[in-house]
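Trainee: Construct the complete structure from the given sequences, taking the supplied hints into account.
Protein chains in written order, with numbering that gives the first Met the number 0: chain A, 0 to 597; chain B, 0 to 597.
Honestly, the hints are just simulated from the structure, not real lab data. Some clues are possibly wrong.
Note that the list lumps identical chains together, so a pair holds whenever it fits in one copy or between two copies.
[Stated by the list, open to error] Here are the computed lysine to any residue pairs in the SDA-like style, where the Cα-Cα straight-line distance is at most 25 Å:
#1 Lys-333 / Ser-170
#2 Lys-382 / Glu-52
#3 Lys-248 / Ser-170
#4 Lys-317 / Pro-55
#5 Lys-374 / Gly-505
#6 Lys-178 / Gly-334
#7 Lys-494 / Leu-283
#8 Lys-22 / Thr-59
#9 Lys-333 / Thr-190
#10 Lys-540 / Arg-323
#11 Lys-62 / Glu-422
#12 Lys-223 / Leu-7
#13 Lys-374 / Gly-327
#14 Lys-317 / Ser-596
#15 Lys-223 / Glu-332
#16 Lys-248 / Glu-422
#17 Lys-22 / Met-37
Below are the chains, spelled out letter by letter.
Number of protein chains: 2
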Amino acid sequence: MPEYKAPLRDIRFAMQELLDFDKHYQNLPGGEDASLDMVEAILEEAGKFAAQELSPLNQTGDKGCTLTDAGVIAPEGFKEAYARYIEGGWSGLAQDPEFGGQGLPESLATIVAEINGTANWSWTMYPGLSHGAMVTLETHATEALRDTYLPPLVEGRWTGTMCLTEPQAGSDLGLLRTKAEPNDDGSYSVTGTKIFISAGEHDMSENILHIVLARLPDAPAGTKGISLFLVPRYNVNEDGSLGEANSVKAGSIEHKMGIHGNATCVMNFDGARGFLLGEPNRGLACMFTFMNNARLFIAQQGICHAELSYQGALAYAKDRLQMRSLRGPAQPEKGADPIIVHPDVRRMLLTQKAYAEGGRAFTYLCAQLVDLAQKAEDEAERKRAEDRLALLIPIAKGFLTEAGVEAASLGVQVFGGHGYIAEWGMEQILRDSRIAPIYEGTNGIQALDLLGRKVMGSQGELLEGFIGEVMGFVDANRDNPEAGALLAELERQIKRWGDLTRQIAGSIQQDPASLGSACFDYLMYSGYTVLAYIWAQSAVKAQQALAAGSSETAFYQSKLATARFYFRRILPRNEGLAVSMADSAETLLSLEEEAFSF
Amino acid sequence: MPEYKAPLRDIRFAMQELLDFDKHYQNLPGGEDASLDMVEAILEEAGKFAAQELSPLNQTGDKGCTLTDAGVIAPEGFKEAYARYIEGGWSGLAQDPEFGGQGLPESLATIVAEINGTANWSWTMYPGLSHGAMVTLETHATEALRDTYLPPLVEGRWTGTMCLTEPQAGSDLGLLRTKAEPNDDGSYSVTGTKIFISAGEHDMSENILHIVLARLPDAPAGTKGISLFLVPRYNVNEDGSLGEANSVKAGSIEHKMGIHGNATCVMNFDGARGFLLGEPNRGLACMFTFMNNARLFIAQQGICHAELSYQGALAYAKDRLQMRSLRGPAQPEKGADPIIVHPDVRRMLLTQKAYAEGGRAFTYLCAQLVDLAQKAEDEAERKRAEDRLALLIPIAKGFLTEAGVEAASLGVQVFGGHGYIAEWGMEQILRDSRIAPIYEGTNGIQALDLLGRKVMGSQGELLEGFIGEVMGFVDANRDNPEAGALLAELERQIKRWGDLTRQIAGSIQQDPASLGSACFDYLMYSGYTVLAYIWAQSAVKAQQALAAGSSETAFYQSKLATARFYFRRILPRNEGLAVSMADSAETLLSLEEEAFSF
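Mentor: What follows is the structure, given as structure tokens:
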């Protein structure tokens, strides 16, 4: 397993040089504490914590969790690392000081989560799920519930889960059956079975707060009859101390392809005592308040696995000697050259690099928008950020998780046979990465959300806004001596994005199935194009830094070279997507169900 | 784990309707016994054996092999299934009757291997490795060695391995160090460590014959100093009975991402008694005599996993109810529609189908060429077949194994969260599939072989020959009422293949690194184009069958629909590849090694 080193130079490039987070924080209400020095100190410490505490547990955590009579036990060392995480004050970094948080910007917690998640994704999911519970309680719990449940959650002594999926209800939550019956004291008795519950049960925290979707008696069928509940693992006394165990427990641990270190549980609720969050029958809407954050977290998973796999593959490619450079021996004194001399190995490494670094900046852009959508003083600014986020989040989640799997698979390939052997850890990264296109809304769902709800649902307005921004950037930098050619290509891709959107809108008017027919290729086209925008910006910034006489020439030359690689070797995939997305839905739907096999 | 059903109708379509195997066998020396009835009976029996004996062991075999003091033990049931395989006479199906084989055509054994391999790839590797050893001994062993070692190998009582890789020598076999020192009696003492040895040790057979690459004393350095040896696990007495254990044993079993049912061993040779095969220092050349067969076997792995994953995903997509069709409820009486109504689910299923069926025919085309290269009466015909095979094998191995991984990954995606759970078996298929782009020459090596040795090495002649064949087909069927549009597109792709080849040849003359820079995208372009040729032929055959009044309208309509899908949704990927392969090598090589990370 590659030893993780936080790529702090690149993180700084994305934060400060590309996205000017310093200015962003100084203008953000409550962001004043996130000074440049403070941010730098936090990133340094996060890098150390991730490298020293989490990275060593990544491969050992692959052995998985254990179900005992006393409940689920996380892999060895997870509990201790989590205790140090709480000690370090990481848990409530971005939470409201009213509940014990440090009140720093949400985006800073997002970036810290990337650092932790790259070192050990399975471990990072535990606090990741808690974070979702925190946001839900902050927004939808009554004051009394907040006062009781939030402080220990923010402190990290308690953790959280999200209990949505049931055996018959995955993408289609309208089918869920878990029931919540009112008790005399205002609480509810929750009964049902939830599956695929990440961090569902473990020994890392004193209590676990389950956020559960369930139906009230006589609730309407479908998605309009779903309510949200808080169900603690242990009942909580009025003084905040723990009472008896509630009637909710893990029935089993799922045996999965990867992320073995995270306990994915079947959770059985058997008349468990819970509390309503938000309005009755408005549970899905309540869940959606933090959907952007949750999906951004999974988008980050793609980056995390791309980065970790890249670190491993790069070290190996410099070290492994096989065959000679096509241009003649590079290291004639050795029996063979390091495989990094081979163009095809570089193709794989540069693909990983382009995804990891470009994807990082893409997620930071989203994180900045989350800050603004939540906290910008001006309502119009909040609305603008929300709109932009609405467009970008399904692209980030869908595209970056596909890119993460591709990058992890390339990392295996660079290692050759050794990549397939568990010892080196590269295959674990691939196994871990493969869940990301599935959970938190499959990428098929993201594609429908992007093209249907976001682009068509806004009559193209959300997309036009973004296209306008990109075209503004292109116009302002057209003459850049290094990025000029890239910008001309970006302009072509961006304009075609608009053209294709209009064309598909016409098809959908003729046949609503055209939405489902085009959406996945549309999602991927959108992703490649957004990443092209990021890389074009990176090239412009790099050129400007070099022109200004920066001494970090190798760093900025590397940015320029990676930008060129991305435009010349990866972005051309859009040529095929532009063709396939415009094809008729009949190509997919004409075949009778019985005629798929004989 | 999907229960496997051999797709006999599609196998017949590929064999008889597309490739006229009946005529092929009747014209092939020694092929007369492979009558239509005999072939049909063999395929039926193979389908039963695979479904009844091998399929049930696929998921249980994932638990892996065990290293004991007495050697490696294969997963439960593997030994018994293998005994029934021998009883059934499958082992020597295509081997020379002189050594106990049935003398049927090699291609028939290839197709039987696909049926077995789809049901249980890990198990099928054991006889697959034996087959490689049989061919090696038949071709390169002395008569005395053949008489002693071949009959029990052909019978299946003994099995074989191929011992090539060493820790420092993977793609670069020139670096290998295992030594063979001559003994007084004409035998050799072999000493060294081999890694990644598939089927290296197990309890399924009485003896194991290791085919080993090693160096004689004072052999030249590099690939020209490598010789080939036969090293049995147990020494063999003159009467053919087993003597004492030889000094070769498995030092450990590798823990891998997948194919756990196959014992991938570190094999330690400690002065083990062995016998020279072929000429001294000509070991690599000897290995290459059956390289085409071995690579075709791995190309089949892509098809096997695509097919099995498709069978699983298709059954699930018909059964799983989530959400409504975009065109309005398809099954209003149920709470939701089966997910096969969703266009994006169909995109995934049809991709699997197009790869499985098209790839199947592609491998059968190669298998037919193997028959001809080995046995055609006419030398010119053998040469033609060899040449065509030389071109197609790296495409089949490289492209179809990439397609296999993609298809297996789509199968996971169709299942959503359930795809990631071991219970359903879909993630195992993906894990099992991921080795295929790596072993038997990584796909990077296949790409170099295709573009460098085969296309450039023949001054374009091998490619021109194939292009001529395809253009002949296009010209002959241009007016086909169903396939006309597909043929026009095929013509464009084929002509561009030639154009791109000439362009890249020019680049290589300027810079030899252009070979490595272009080769992987070139390989994929070639694969998509060959598959387009296969699908265009399938469409023509289907149209002709329908025009002739076949009653199997659904089957042939399905072929037409899948051909259209392939051309409209998959083949457009060539648009991007045509751009990226033509890019300069400098894009990959300009970045300094130190500038890959900071």
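Trainee: Pop the pair Lys-374 and Gly-505 into one bin, within, between, both or neither, using alpha-carbon distances up to 25 Å.
Mentor: neither (38 Å within a copy, 58 Å between copies)
Trainee: With 25 Å as the alpha-carbon cut-off, assign the pair Lys-248 and Glu-422 to within, between, both or neither.
Mentor: This pair counts as between: shortest inter-copy Cα distance 21 Å, intra-copy 34 Å.
Trainee: Reference check for the pair Lys-317 and Ser-596, CA-CA at most 25 Å: within, between, both, or neither?
Mentor: Between copies, since 12 Å is at most 25 Å while 48 Å is not.
Trainee: If the cutoff is 25 Å on CA atoms, where do Lys-62 and Glu-422 land: within, between, both or neither? Let me know, please.
Mentor: both (12 Å within a copy, 17 Å between copies)
Trainee: Have a look at Lys-22 and Met-37 and pick one of within, between, both or neither, based on CA distance no larger than 25 Å.
Mentor: within (14 Å within a copy, 79 Å between copies)
Trainee: Up to 25 Å between alpha-carbons, please classify Lys-317 paired with Pro-55: within, between, both or neither.
Mentor: within (23 Å within a copy, 44 Å between copies)
Trainee: Could you figure out if Lys-333 and Ser-170 sit no more than 25 Å apart (CA to CA) within one copy, between two copies, both or neither?
Mentor: Between copies only: 16 Å across chains, 55 Å inside a chain, cut-off 25 Å.
Trainee: Measure nothing new, just compare the shortest in-copy and cross-copy C-alpha distances for Lys-178 and Gly-334 to 25 Å and report within, between, both or neither.
Mentor: Intra 69 Å, inter 18 Å, cutoff 25 Å: inter-copy only.
Trainee: Between the shortest in-copy and the shortest cross-copy C-alpha distance, which are at most 25 Å for Lys-494 and Leu-283: within, between, both, or neither?
Mentor: neither (36 Å within a copy, 54 Å between copies)
Trainee: Between copies, within a copy, both or neither: which fits Lys-223 and Glu-332 at Cα up to 25 Å?
Mentor: between (72 Å within a copy, 20 Å between copies)
Trainee: Are the CA atoms of Lys-333 and Thr-190 at most 25 Å apart within a copy, between copies, both, or neither?
Mentor: The answer is between: 24 Å across copies meets 25 Å, while 67 Å in one copy does not.
Trainee: Go through the copies and call it for Lys-382 and Glu-52: within, between, both or neither, with a Cα cutoff of 25 Å.
Mentor: For Lys-382 and Glu-52, the Cα distance exceeds 25 Å both inside one copy (40 Å) and across copies (62 Å).
Consistency with the previously given hints fails for numbers 2, 5, 7, 8, 10, 12, 13, ordered from lowest to highest.
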